[in-house]
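Position chain S relative to chain F; hints supplied.
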Amino acid sequence: MSHAETMLPALPPPPEAMKRYTISRLIGRALLGVWLAVSVGIFLFIVDSWSPEKFAKYGPSFLSGLRVTLTLVAISVILGGILSLPIAYGRMTKNKVLSWIAYCYVYFFRGTPLITQLFLVYYGLGTFRPYLEAVGLWSLFKDAWFCALFTFTLNTAAYQAEILRGAIESVPRGQHEGAAALGLPKGVAFFKIILPQAMIVALRPYGNEIILMIKGSAIVAIVTVFDLMGETRRAFSRTYDFQMYLWAAVLYLIMVEILRNLWAWIETRLTRHLKR
Amino acid sequence: MQAAFAALSSIVSWVASIIDPMCGPIGIFRLFAQDTLLACGDTGWGDEIAHGFLITASLAICTLPIGLILGFFIALAKQSEEKSLRLATNIYTTIFRGLPELLTLFIVYYGLQIVAQQMMAAMGYEGPVEINAFVAGMIALGVVFSAYCSEVLLSAFKAIPRGQYEAGDALGLHRGKTMRLIILPQLVRIALPGLGNLWMALLKDTALVSVIGLPDILRQTGIAARVTKNAFEFFSIACLLFLILAMVSSLVFSALERWTKRAEGAR
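Chain order of the listed sequences is F and S.
The working numbering applies: residue 1 is where the first sequence begins, and numbers increase by one.
The working numbering applies: residue 1 is where the second sequence begins, and numbers increase by one.
I should point out that these hints are in silico values taken from the structure, not numbers from a laboratory.
Some clues are possibly wrong.
[Stated by the list, open to error] In silico PhoX-like cross-links for lysine-lysine, where the CA-CA straight-line distance does not exceed 20 Å: (1) F:Lys186 x F:Lys94; (2) S:Lys177 x S:Lys158; (3) F:Lys142 x S:Lys229; (4) F:Lys19 x S:Lys229.
[To be verified] These stretches of chain S come out as covered by chain F in the derived footprint (C-beta under 8 Å, 3 or more residues): (5) 71-84; (6) 108-120; (7) 241-254.
Computed from a predicted structure; not experimentally measured.
Positions of the beta carbon are idealized from the N, C-alpha and C atoms, including for glycine.
Next up, chain F with everything else stripped away, as it sits in the complex (with noise of 0.2 Å):
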């Protein structure tokens, strides 16, 4: 029987493949490119324009106007999540005059460009100005921001409402009928067991919801309320400075960016049991 007396030398590794150079690489590497150039691009554009007094003048501003759109989105989400609740409750109810009345809201606000309700309650409302002083609204309605709180209130529930009604009728008819089946009253089926399950499908939307509304809320520039858009445009129609823009695009992206990762946390945590 013969046997090797000698161990074989290591052979070096094979070589490794060349990774063919394809189009889709050059693409790649050309559309990096353009964004490289574009933010050195706009890195330059910024510190030649720099200036120690615009920022020391405008810094505060625009935190002050990151303020004002923060409140706004927060205060009217909330008071929007609440007014949602009737509204979702007309849209699921067997009542045709409630659910019809229900549909109609709903259609309206998603159907129309926020920044028409905008116009239509902040310029519309002073046709109406006799009425409403006689009721000792006027001096609500006279202030732009008061109206675009009222505005996104009402948009933001007509959103909510749909998102509510879309993640209850997600839950299967059999967890209805499992309550049923343990002798669970109504109302208790709905909050223990309907409730629950629907709110993980609606957690989504909702983050959704809230970065539309951070976007959207932009639009209350126009009428006056100096949220960071508003700061942004009176600082650019002051200094003539396009990197103003610039530094309220950072901020926006920023704000999204945040509570999209923020979000995306909850879910995962709040989901984790469904992990398989």
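Relative to the frame of chain F, chain S by itself:
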């Protein structure tokens, strides 16, 4: 040749004026609002608002193909194996989905103006350069639409099983043909509801372009409101016109959906 073109365009405008739903011979404003503020012609605002309606609709319709085509290629890039391509397109969608549409519009409008000004200055032309509001609106809305559209198409691509591509290979179709004959028809069917939502959002976003001076529905009704001091009526009309656009497009989309699903019914 030019005479033929002139004749053709005059015929087209004549037909358009006949079937004009607002100020034509059988238009709503002509029939029901003759002696009111909405009358057509010099006495009322009917024809101005009708023109605004046309501009809003044409802006949305012109933006749609740009956004769809751009979005399709971005969706293709996003599922490519090439890392740099994915990174570049992800930056694009993150930026344009995160920015408010109004801000995108301003950045495009003023930014293009600055760029054009500098280019003209470099070529030796000194003077004011103005960017057309319609074009700026088309670019800004098209970019935003393409960013959202790529997400919708990407998830539709993911819903198509691998076996469909393999079947295309097995039949000896090359990649373009597999895409055109096998993947695209299914893609349209899956993505249509999402695209319908995006189209509605696009229609609503066109109202923002009035801010940079495009005479669309909102701007025309706003001028009418300022002049006549009947703000509530005119902005209600603006809302109503947008609702009509939304209704018409939801009818079109449900018809489209039926049409793309026609093969499923027969099965």
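Status of each hint after checking the structure:
A threshold of 20 Å between alpha carbons decides the hint, and for Lys186 of chain F with Lys94 of chain F the separation of about 16 Å falls inside it, so the pair holds. Proposed proximity of Lys177 of chain S and Lys158 of chain S is supported: the alpha carbons are some 19 Å apart, at most 20 Å. Distance restraint check for Lys142 of chain F and Lys229 of chain S: the Cα-Cα separation of roughly 16 Å lies within the 20 Å cut-off, and the hinted pair is therefore satisfied. A C-alpha spacing of about 70 Å is found between Lys19 of chain F and Lys229 of chain S, which places the hinted pair above 20 Å, so the restraint is violated.
Beta-carbon proximity to chain F at under 8 Å applies to 6 residues in the stretch 71-84 of chain S; the threshold of 3 is reached and the given coverage holds. Coverage of the stretch 108-120 of chain S by chain F holds in this model, with 3 residues showing a Cβ closer than 8 Å to a Cβ of that chain against a need of three. For the stretch 241-254 of chain S, the stated coverage by chain F holds: 4 residues have a C-beta nearer than 8 Å to a C-beta of that chain, and at least 3 were required.
In this structure, only the earlier hint numbered 4 is contradicted, and the remaining ones agree with it.
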